[in-house]
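J.: These are the residues of each chain, in order.
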Amino acid sequence: MQKIFNEKTRELWVGIVVFVIAAAYLFGTMLIKHSDIVSVGAEFMPKIYGGFMLVLSILQIISGYRKMKKSDTKTPEEKPEEKSAEKAGFWRSARPILITFGLIIFGVAIMRLVGFVISSAIMMFGMCVLLTPGYSKKRYVLFALFSILVPLAAYFLFKNVLYVSLPIGIFF
Amino acid sequence: MLESFAIGAQIVFQPLSIILIIIGIVVGIIFGAIPGLSATMALALFLPITYSMDTAQGIVLLVALYIGGISGGLISAILTRIPGTPSSVATCFDGYPLTLKGEGAKALGVGIVFSFIGTLISTLVLIFLSPALARIAIKFGAYEYFAVALFSLTMMASLSGKSLVKGLMSGLFGCMLATVGLDQIGSIQRFTFGSATLKMGFSTLPVLVGLFAVSEIINRAESAAAEQKAEILNVDIRHIKGFGFSMQEFWSQKWNALRSCLIGTAIGILPGIGGGAANVIAYSVSKDQSKYPEKYGTGIIDGVVASETSNNAAIGGALVPLLALGIPGDTVTAMLLAGLTLHGVAAGPLMFTQNVDIVYSVFLTMLVGSVLMLILEFGGLRGFAAILNVPKQYLLPAVFLFCIIGAYGTRNNLFDVWTVVLLGAIGFLFNKFDIPAPPFILGFLIGPLAEMNLRRGLMMAQGNFLEFFTQPIANVFFVMTLISVIIAVRKQIKTLWTEQ
Numbered sequence: 136m137q138k139i140f141n142e143k144t145r146e147l148w149v150g151i152v153v154f155v156i157a158a159a160y161l162f163g164t165m166l167i168k169h170s171d172i173v174s175v176g177a178e179f180m181p182k183i184y185g186g187f188m189l190v191l192s193i194l195q196i197i198s199g200y201r202k203m204k205k206s207d208t209k210t211p212e213e214k215p216e217e218k219s220a221e222k223a224g225f226w227r228s229a230r231p232i233l234i235t236f237g238l239i240i241f242g243v244a245i246m247r248l249v250g251f252v253i254s255s256a257i258m259m260f261g262m263c264v265l266l267t268p269g270y271s272k273k274r275y276v277l278f279a280l281f282s283i284l285v286p287l288a289a290y291f292l293f294k295n296v297l298y299v300s301l302p303i304g305i306f307f
Numbered sequence: 035m036l037e038s039f040a041i042g043a044q045i046v047f048q049p050l051s052i053i054l055i056i057i058g059i060v061v062g063i064i065f066g067a068i069p070g071l072s073a074t075m076a077l078a079l080f081l082p083i084t085y086s087m088d089t090a091q092g093i094v095l096l097v098a099l100y101i102g103g104i105s106g107g108l109i110s111a112i113l114t115r116i117p118g119t120p121s122s123v124a125t126c127f128d129g130y131p132l133t134l135k136g137e138g139a140k141a142l143g144v145g146i147v148f149s150f151i152g153t154l155i156s157t158l159v160l161i162f163l164s165p166a167l168a169r170i171a172i173k174f175g176a177y178e179y180f181a182v183a184l185f186s187l188t189m190m191a192s193l194s195g196k197s198l199v200k201g202l203m204s205g206l207f208g209c210m211l212a213t214v215g216l217d218q219i220g221s222i223q224r225f226t227f228g229s230a231t232l233k234m235g236f237s238t239l240p241v242l243v244g245l246f247a248v249s250e251i252i253n254r255a256e257s258a259a260a261e262q263k264a265e266i267l268n269v270d271i272r273h274i275k276g277f278g279f280s281m282q283e284f285w286s287q288k289w290n291a292l293r294s295c296l297i298g299t300a301i302g303i304l305p306g307i308g309g310g311a312a313n314v315i316a317y318s319v320s321k322d323q324s325k326y327p328e329k330y331g332t333g334i335i336d337g338v339v340a341s342e343t344s345n346n347a348a349i350g351g352a353l354v355p356l357l358a359l360g361i362p363g364d365t366v367t368a369m370l371l372a373g374l375t376l377h378g379v380a381a382g383p384l385m386f387t388q389n390v391d392i393v394y395s396v397f398l399t400m401l402v403g404s405v406l407m408l409i410l411e412f413g414g415l416r417g418f419a420a421i422l423n424v425p426k427q428y429l430l431p432a433v434f435l436f437c438i439i440g441a442y443g444t445r446n447n448l449f450d451v452w453t454v455v456l457l458g459a460i461g462f463l464f465n466k467f468d469i470p471a472p473p474f475i476l477g478f479l480i481g482p483l484a485e486m487n488l489r490r491g492l493m494m495a496q497g498n499f500l501e502f503f504t505q506p507i508a509n510v511f512f513v514m515t516l517i518s519v520i521i522a523v524r525k526q527i528k529t530l531w532t533e534q
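Residue numbers (my numbering), protein chains in the order written: chain A, 136 to 307; chain B, 35 to 534.
In isolation and in its complexed conformation, chain A is listed as follows (with noise of 0.2 Å):
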């Protein structure tokens, strides 16, 4: 899994990823509806760029399979920090940014049955943690107040006073 997404063969990757979406996308512009009663139809532009993207995806292609080619075996200097994260697996690695993502997901997910303050503090604390820098403490007692104090905060500054809508759940 590491070599797929190494700097060698990066750039080809890119290439095939664009080349399927645009694909995908010159294929969803045969199901646009034609309109007799507009002469240049909704189905035009996408048509236009659908087909450029699948230009360029193919050079790109050609550029990714070129560098991949042309590059030695031997894997270039590293930073003291980049080696250290290549050590320890591009699951470790990997491992904050999906639980990041994850945690947004699960939080916005949640935001219609639990409402806006809830889904934010539990978004909010897990951010914290994962926020905090190796050297610093994690200070959760820290991180619970703050994650339910700007939430409810921000709830009645922008519900009461300035009369914006926020996701309403089962609780407020």
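Worth flagging that the hints you see were computed from the coordinates, not collected in a lab.
We put the beta carbon where it would ideally sit given N, CA and C, even for glycine.
Hints may contain errors.
These stretches of chain A come out as covered by chain B in the derived footprint (C-beta under 8 Å, 3 or more residues) [unchecked claim]:
no., region
1, 175–182
2, 186–196
3, 272–285
Dock chain B against chain A, hints included.
T.: Just chain B now, kept in the frame of chain A:
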């Protein structure tokens, strides 16, 4: 004209009006500085409050909010790489790298001063040239708008960085994302997959906020655990002299500022484009014209100057069609138009005779407001720089919270919050695979404009594209487009040759 200024001065220089301007600018700066909130939201929230006020004073408050809101975006753009408003997107490109170099205060000072200069110059243009410029703006039809949009899209090349192909892919991706929803002309559903939510399409604010804010949070999460020592980003706020930069640096930016101001004013005058595109276009033109384009993006004041001068210049520009023709130049002036309508004032050419007090109150509010903005932001400079000392584990979650509020507040729909999440993932992947984000933004903002006017033009010309070349104004922009493309291709060939 002097008499008219005297009428306006009688309103603006009242103690209550000055207080309203100060409140408007402070609140505007807060809304502009917090990612997710925006000048448009600030005006939308204060619009009902102005109903109970005197008409002129209500408009004074709204204009002050506009100035503060556009200007405030630079604070978060420079300090956290998250633009407070769409008008400050390009400020991130060099503002944040300046902060990483320990020159955050300088970046803030440059942004504040050149925001003031941009507002001032465009206000003078507004005062003396608005009727004449409005007559030119009215000549812009589908052919001209398409030509302008096409020229703007070629700026993708200069924003592409090392790889032109990746830059163009990014730009096209932005154009493609903007096609989701209902087609602007025939209201045909595109890529909605039968979903009522997707029919709404993607809104600008959630897209930008997700692309910058959420991706920044994910990037930070990736690097946080591995950090073994503190980032030396603490800014010595006690020893900031003046605005944090020298007179020599100020004078070195005169042509950059003037050019960016003209670009911002011109784009502001054209309805439908606005400050969101002005700052990106001015930034890329500045980079193209620079003697050291390779330094852009590494942390030089030129990039901040171009972005901040143009976005504030767009304020004055956007007021030209509003006052002279009754056509709003951007979303914020649309709110101003709503404010005028609320008070029973019909915006348009008759305002200059029937509502002289309001017109000249707007002019004077722009002048007085820009000076007060400069003073207030100068006074807050140390406070803004102190934000850098707030640990990121507190700052970024709080920013994220406001991003959610702002995104949800766009259309009161959770879809916009999901848009933030999606674009956060896309922004993160862009970063990981060295795909530049600026062309994406340009494509997303300008793509729909180009499409709508191309289709309109083709329908008017009954499918004959050559008709586009019969309009002189359009031809000017087509020639500029051709020159821009030739320069970009030459640069790319030169880069490839050098690499080989």
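J.: Next step is simple, just say for each hint if it's right about the structure.
T.: Tested hints:
1. 175–182: holds (count 7)
2. 186–196: holds (count 6)
3. 272–285: It holds: at least three residues are needed, and the region 272–285 of chain A offers 4 whose Cβ sits within less than 8 Å of chain B.
Violated hints for the displayed structure: none, as all numbered hints are satisfied.
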